Structures are given as structure tokens and as C-alpha cells.
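Each chain, written out:
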Amino acid sequence: MDGAVNPRGEADFDVERIRADFPILATEHRGKKLVFLDSGASAQKPRQVIDTMIRTMETAYANVHRGAYHLSETATAAYEAARAACARFLNAPRPEDIIFTSNSTMAINLVAHSYGRGIMKPGQAVVISEMEHHANLVPWQMLRDGHGTELRVCRITDAGELDLNHLAELLADGKVGLVAVTHMSNVLGSVTPATLIARMAHEAGAKVLFDGSQAAVHRRVDVQAIDADFYCFTGHKLYGPTGIGVLYARAALQKAMPPFLGGGDMIASVTFERTTWAEPPAKFEAGTPPIIEAVGLHAAIDYVEAIGLPAIEAHERALVDHAMATLPHVEGLTIYGKAQDRGGVFAFALDNAHAHDLSTLLDRAGIAVRAGRHCTEPLHERLGAGAGTCRASFGLYTTKAEIDYLAEALASARRFFA
Amino acid sequence: MFDDLRDLYQEVILDHGRKPRNFRRLENGTHHARGDNPLCGDKMELWLALNEDGTIADAAFQGRGCAISMASASLMTETVKGKSVADAHKLGEQFRELAMTGTCPHCAAGLEDEMERLAPLSGVHEFPSRVKCATLAWHTLNSALDNQGKEASSE
Ligand SMILES: Cc1ncc(COP(=O)(O)O)c(C=O)c1O
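Chains as they are written, first to last, in this note's numbering: chain A, 3 to 420; chain B, 23 to 177.
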């Protein structure tokens, strides 16, 4: 597949046809049709991904980069083809700019280690934002405590957008070595202006990492247009398997950075005295990689590309618009985040029901939402919602009827607790 | 839409969840502990005042959490007042069994009335992810009685 997209965007979007690709959507839970509004935590898998993975295990599986026999060569070619697909997906210049990890969390930890410890100097600073997932917060705290870097936190506005004036202030002293921010909040849905952030970081002499775990699922990402130094996403949110993540890292940085984990596959030569590293990206892929998962992710990318990111973005925009027109009619409901540019994710709370009670009720109606603080404890304190919220997140199989059903269930839940 | 959930959310629970009893600080407390359920953000602080003879004269709590955890803490403070420390521990053990299995066949004689009061919470056993909401208060009670000042966690 060449990733060609329908130039009209939404016109060809046939949600019922798409739903038919996802076997789990036909299942019932306690007699209720599944209304899956938790794709932001992990998305469901289409038949195409499931079948590709099974077929690989049945007919084309062996370890990669090791055997000189045909099956291993086939598996290696499939693994490298997946890398090339990820490069095209992010518009990275070359396949080698893609490092496979196990998820976004590992990708960010790799950068914290290989760039943070390996290249940044104690006394330099890392800038994150108030709306980071713990995956893009804790590694930088660990770097601060272990390496003597400073951790600066950029504020968000009350609308849930990155406060760019504050970012400029944080960058002003020239001590920042890295800006590491989300490209789309997993709670508020806010999309951050990546190109502008990258330009601001670069002008201040800093590198920039985007946590694209949410963004890459909902819209076309072009790491060259953004001018990103690092960009990561995680396979399981993109309708692919668990156990695989993607880190784009600029070639010059990959060359300069020391490895993260040591072991097989990442070496050029080993003696007991000394080891030399393989060329990147192998240098950052120690051990047997997630081979079947890479092939599954490739199938997921092909699947998404065939529908087209612009079409998906338009579909989700229509869903968000519908949700924002419908849900405010539910008495006592607060919706968090009012960013101008947002994707299909939002947090909400009812005035008379705690998030956990509410999610237990919604579950009874067949609706799966996430409840709690969604790995963003500091953000919830910032929102004045420290006790937690519920979160609905849309996928390409979400329908307007499901949103109407959510609104109905919320109104009914409020009466239940009245 | 949710009528079949009335077993879990009985009127007693909704009532205690909305208007928790003994929801205050104890200025003259002798024992104190914090409880925390890090996954969902529930937090509570428990105070006990023990008599010379080791019975619990007063119990009070403050905190935030779902209806189940608030109701459980509220019912617990009502139930342990006037009990010996040994009975309070025993009630905690029996309550955890009730919350996890829905029944308590080994419930020792002498505490039937108290267990009766806690029985409305037995419905949580059908909701594995909610059991810890009901048991947080009792974990916190244990840490208040046992290891002064250490934070209890339902995890
Ligand atoms: C914004 C964001 N960053 C990072 C992650 C972590 O992803 P993973 O658990 O796959 O590493 C998530 C999802 O959990 C997320 O939503």
C-alpha cells in the first residue's frame, strides 16, 4: 500500500464497514452490545492485524538478523519492511531513523538514558508540560535525580492548551537541553502546536521530543515538517499489537548517543575487554526484538493508511463536535478541556457521582470508559479533579449513535445517584 | 437503565456515601493513619480514640472517594465504636472475606450484629475492581491500630 489518501477526506468513510473489520465489536458483555470508548488506553484490533500475525507465526517465523537460512531471511525482511512502513508513516527521511522499542514508555526512557544521561550535562534542564502522561514525566524526574539535570514544567491555560508564553520564559536562559511534551493530551484531547514548539526549542538551543502516543493515531504526523528531533508512539493504540513502540530519532543524534540496553544484536564486535556498537538503529535494539509485533504493526499502519489519516481525523472531528453539542445537555456534567485544536479524547465528571461509581454504571450499560486519573495525577490536581474523572476516547469505529447512548446513560446515572 | 445495580448500590450505601457519618477530625485521637488507593485516587485519614481499657471510644475519618469507599468508612467508624481492638481486627478480617466472596461462613460468634450492619457492602464481590474501594477503610484501621503513622494502601 502506498499510503495514498482520499483527497476529499471524510467522503468515503464508511464506519459500518470499518466496524465489521473488528471482531470484538460484535461481542456482547452481560447481554449488552459493547460500546468501546476506551481506545485511548488501548485500541481494538482489526481482522487484518490479527490474521497477519497468525499467518506470520504459521508460515514465516524465525529469529531475525541471525540465521543464514531462508526462513530467518524472510522474517528479517518482514521486520525491516515494518521499519520502513513506520518511517513512511511518520515521513522520516530513512527507515534507519526508526528504532523499535516495546512501547512509548520505553522509547522515552531510551531518550532519557541515551540523550539525557549520554549527552546532556548536569545543570541543563528538561522542559515538560503540566499535561504529560506519567510516561513523559517520571523518566525526567529519574534523570534529574540521577544526573543532576533540572526539570521545568510548562503551564497549561485554563482551556487546556500549552501556555506558549510560559514556554518562552522557561527557554529564555538557554539552559534547556530538551523540550519533551505531548503532541496530544490523553485526558483533554488538546493537540499541541508541534512545529512552533520545535522552532522555539531549536532557537533556544534545545532538542525536542514529542510524545505522539495519542496524536499519531488521530492525524497525519510529519516529523520533517515538524522538525522533530525525537517522536514516539506505541503500537497498541494504533490498532496494532501490544509490545511494540516506535521512536523516531534524528540520524545525527542516533550516531552521537550511547546505547540504552546492552546485549545481543546491538554490537559490532565483543571481546571481554571491549565491545563496539553496531550502527544505529541496531545499536538501540538489544536482544530479540518484537518480531511478530512489528509485522502486526505494519499491518495496522497499512490498515490506517488505506482509510487515510485525513479521513480518520475528519471522522473524529465530527464525533468530537457531536459530543460537544450533545453532552453539555446532560445536567450536572463537566467536560474538561476546551482546546481549539483537539482530538477524540475528553475527560468528564458528574456532579453527584464519583468517577468509579459512574464507570461501574456505564459498564452495566455496556459502555467501556476509563475512570481514575489516567496516569496524569498532576494534571488532575491542576484541573481541580484530584479525585479522578472518567474519560471517553474515540477510535475510527466509534459512531455518533454511541455518543448519544453515552449521553442517555449519563443522564440516567445522574438520576440513579440523585 | 441501572435497576440491577441496586444490589451494589443499596439505599444504605447511597445514604452513607452522600452523608458519611463521623466525617470529621478527632482532636483527641490516640491513633491515626492515612489510607491511599493510588490507582483511583481515593484518599482517607482515620482517627481513633482508645480508652484506657483498650476499647475504641471514638472513630472518625475524612477523605475523598467513591460512594462505596465513603460508605464503607462511614459504616466502619459506626461499627467499631465501643469494640475492643481484638474485635475490631476480627471484624476487619471478616469484612474482607465478605467483600471478596459475598459471604462469611467463618464469621465468629458474638459479632453477628456488627456483620449485619456491614452486609449491604457484600455486593462488591461481584465487581473485582471495586473490592478495594470497600476494603480501604479497614486496611487503614489496621495500620492505625498496628503501625502508627504508616500509610495504608489497598494495593
Ligand atoms: C500520551 C501518552 N503517553 C504515553 C503513554 C504510554 O504508552 P505505553 O503504555 O504504551 O508506553 C500513553 C498511554 O498509556 C499516553 O496516552
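Calculated from the structure, these hints are not laboratory results. Be a bit skeptical, because a hint or two may be false.
Claimed, not checked - Which chain A residues face chain B? A few, computed with CB under 10 Å, are given here: (1) N93; (2) D365; (3) E379; (4) P380; (5) F419.
The structure displayed is predicted, hence computed values, not measured ones. All residues carry an ideal CB built from backbone N, CA and C; glycine is no exception.
Evaluation of the provided hints:
Taking 10 Å as the C-beta cut-off, the interface hint given for N93(A) is violated, the closest approach to chain B being about 38 Å. Using the Cβ-Cβ criterion of 10 Å, the hint placing D365(A) at the interface with chain B is satisfied: the shortest such distance is roughly 9 Å. Taking 10 Å as the C-beta cut-off, the interface hint given for E379(A) holds, the closest approach to chain B being about 8 Å. Restraint check, P380(A) versus chain B: the minimum CB separation of about 12 Å is more than 10 Å; hint violated.
Residue-level restraint check for F419(A) holds (minimum Cβ-Cβ distance to chain B is 7 Å; threshold 10 Å).
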